[in-house]
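K.L.:
One-letter residues, chain by chain:
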Amino acid sequence: ETGVTQTPRHLVMGMTNKKSLKCEQHLGHNAMYWYKQSAKKPLELMFVYSLEERVENNSVPSRFSPECPNSSHLFLHLHTLQPEDSALYLCASSQGLAGGSFTGELFFGEGSRLTVL
Amino acid sequence: GQQVMQIPQYQHVQEGEDFTTYCNSSTTLSNIQWYKQRPGGHPVFLIQLVKSGEVKKQKRLTFQFGEAKKNSSLHITATQTTDVGTYFCKGGGADGLTFGKGTHLIIQP
Chain L
60 ETGVTQTPRH LVMGMTNKKS LKCEQHLGHN AMYWYKQSAK KPLELMFVYS LEERVENNSV
120 PSRFSPECPN SSHLFLHLHT LQPEDSALYL CASSQGLAGG SFTGELFFGE GSRLTVL
Chain F
179 GQQVMQIPQY QHVQEGEDFT TYCNSSTTLS NIQWYKQRPG GHPVFLIQLV KSGEVKKQKR
239 LTFQFGEAKK NSSLHITATQ TTDVGTYFCK GGGADGLTFG KGTHLIIQP
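The listed protein sequences derive, respectively, from chains L and F.
Under the working numbering, the residues of the first sequence are numbered 60 to 176, in order.
Under the working numbering, the residues of the second sequence are numbered 179 to 287, in order.
What the hints contain is simulated information worked out from the structure, not anything from laboratory work.
Watch out, some of these pointers could steer you wrong.
Dumping the calculated DSS-like pairs for lysine-lysine here, alpha-carbon to alpha-carbon at most 30 Å [said to hold, decoys possible]:
#	chain 1	residue 1	chain 2	residue 2
1	L	LYS81	F	LYS279
2	F	LYS235	F	LYS279
3	L	LYS100	F	LYS279
What follows is a set of in silico ranges between Cβ atoms, one per label pair, in the way DEER data are often shown [stated by the list, open to error]:
#	chain 1	residue 1	chain 2	residue 2	range
4	L	LYS100	F	ALA246	21 to 31 Å
5	L	GLN154	F	MET183	23 to 33 Å
6	L	LYS81	F	GLN192	40 to 50 Å
7	F	GLN181	L	GLU164	12 to 22 Å
8	L	SER121	F	VAL262	16 to 26 Å
9	L	ASN117	F	ILE284	43 to 53 Å
Calculated Cβ distances over 12 Å to all of chain L for the following chain F residues [to be verified]:
#	residue
10	GLU232
11	GLN242
12	ASP261
C-beta atoms are modelled at their ideal positions from N, C-alpha and C, and glycine is treated no differently.
Isolated chain L, as found in the complex (with noise of 0.2 Å):
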């Protein structure tokens, strides 16, 4: 129990299907991530959120749409995905920013597991 939880943990959808992935963390930490990591790209990131704004997005396909309602939850609403967007779909926390750097340890949760027909 790493204190991220996600859902679903297993996820298969079709290229046209609408479907949100969900991350909870309860260690208090302000700041969130997601990453994607894939065969060919271990562990790349996709979206920051500090404070519940959003601080990076590095150029994600608008089919990725993240969203950060509170300190403790994160999305990331996924639509039109294409097969290559299947991968495991990682969460993370961390205390935030330290002078401006991101220093924090990172908290990760279990993934969901997500494959595109």
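Place chain F on chain L using the hints.
P.N.:
Quick look at chain F alone, frame taken from chain L:
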């Protein structure tokens, strides 16, 4: 932007042999973190190094941070089957969210 290069990508060892993975950055890092991901699992934080030349030990694991704060290493003495997994480094700094590509440790009994 900041990049950390990690080598080797794969390392096969016999159980009981030592293992080392290296992390190199083109820029000076404010700190470096190491994570381990077991097969089928998620990355788990191992340690953070902050000071130039710092060395930390956790049982059979030894972590070093270079004098110039641009490189780091993780050394495992006498590997065991429980050490199997992927070891990632992450450099801290202006772009402190980029991980190295990881070193996959495969142990043959």
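K.L.:
Does the beta carbon distance between SER121(L) and VAL262(F) stay inside 16 to 26 Å, or does it fall outside?
P.N.:
Since the Cβ atoms of SER121(L) and VAL262(F) sit about 38 Å apart, the hinted range of 16 to 26 Å is violated.
K.L.:
Range hint 43 to 53 Å: satisfied by the CB atoms of ASN117(L) and ILE284(F)?
P.N.:
Once the Cβ atoms are compared, 30 Å apart, the range 43 to 53 Å for ILE284(F) and ASN117(L) is violated.
K.L.:
Far enough from chain L: is every CB of that chain over 12 Å from the CB of GLN242(F)?
P.N.:
19 Å, holds
K.L.:
Range first: 21 to 31 Å. Now tell me if the beta carbons of LYS100(L) and ALA246(F) are that far apart.
P.N.:
Check passed, 28 Å falls within 21 to 31 Å.
K.L.:
Does LYS279(F) lie within 30 Å of LYS235(F) when you go C-alpha to C-alpha?
P.N.:
With Cα atoms ~23 Å apart, LYS235(F) and LYS279(F) stay inside 30 Å; holds.
K.L.:
Return holds or violated for the Cβ distance of LYS81(L) and GLN192(F) against the range 40 to 50 Å.
P.N.:
43 Å, holds
K.L.:
When you check the alpha-carbon spacing of LYS100(L) and LYS279(F), does it fall within 30 Å?
P.N.:
7 Å, holds
K.L.:
Take a quick look at GLU232(F) and tell me if its Cβ sits farther than 12 Å from every Cβ on chain L, holds or violated.
P.N.:
GLU232(F) clear of chain L: closest Cβ-Cβ about 15 Å, beyond 12 Å.
K.L.:
Taking the beta carbons of GLN181(F) and GLU164(L), is their distance inside 12 to 22 Å?
P.N.:
21 Å, holds
K.L.:
When you look at the beta carbon of ASP261(F), is every beta carbon of chain L farther off than 12 Å?
P.N.:
18 Å, holds
K.L.:
Next pair to validate is LYS81(L) with LYS279(F); report whether the Cα-Cα distance is within 30 Å.
P.N.:
Holds. LYS81(L) to LYS279(F) sits at ~26 Å (cutoff 30 Å).
K.L.:
May I ask you to test the hint 23 to 33 Å on the CB atoms belonging to GLN154(L) and MET183(F)?
P.N.:
Holds: the Cβ-Cβ distance is about 27 Å, inside 23 to 33 Å.
Checked against the numbered hints given earlier, the structure breaks hints 8 and 9 and satisfies all the rest.
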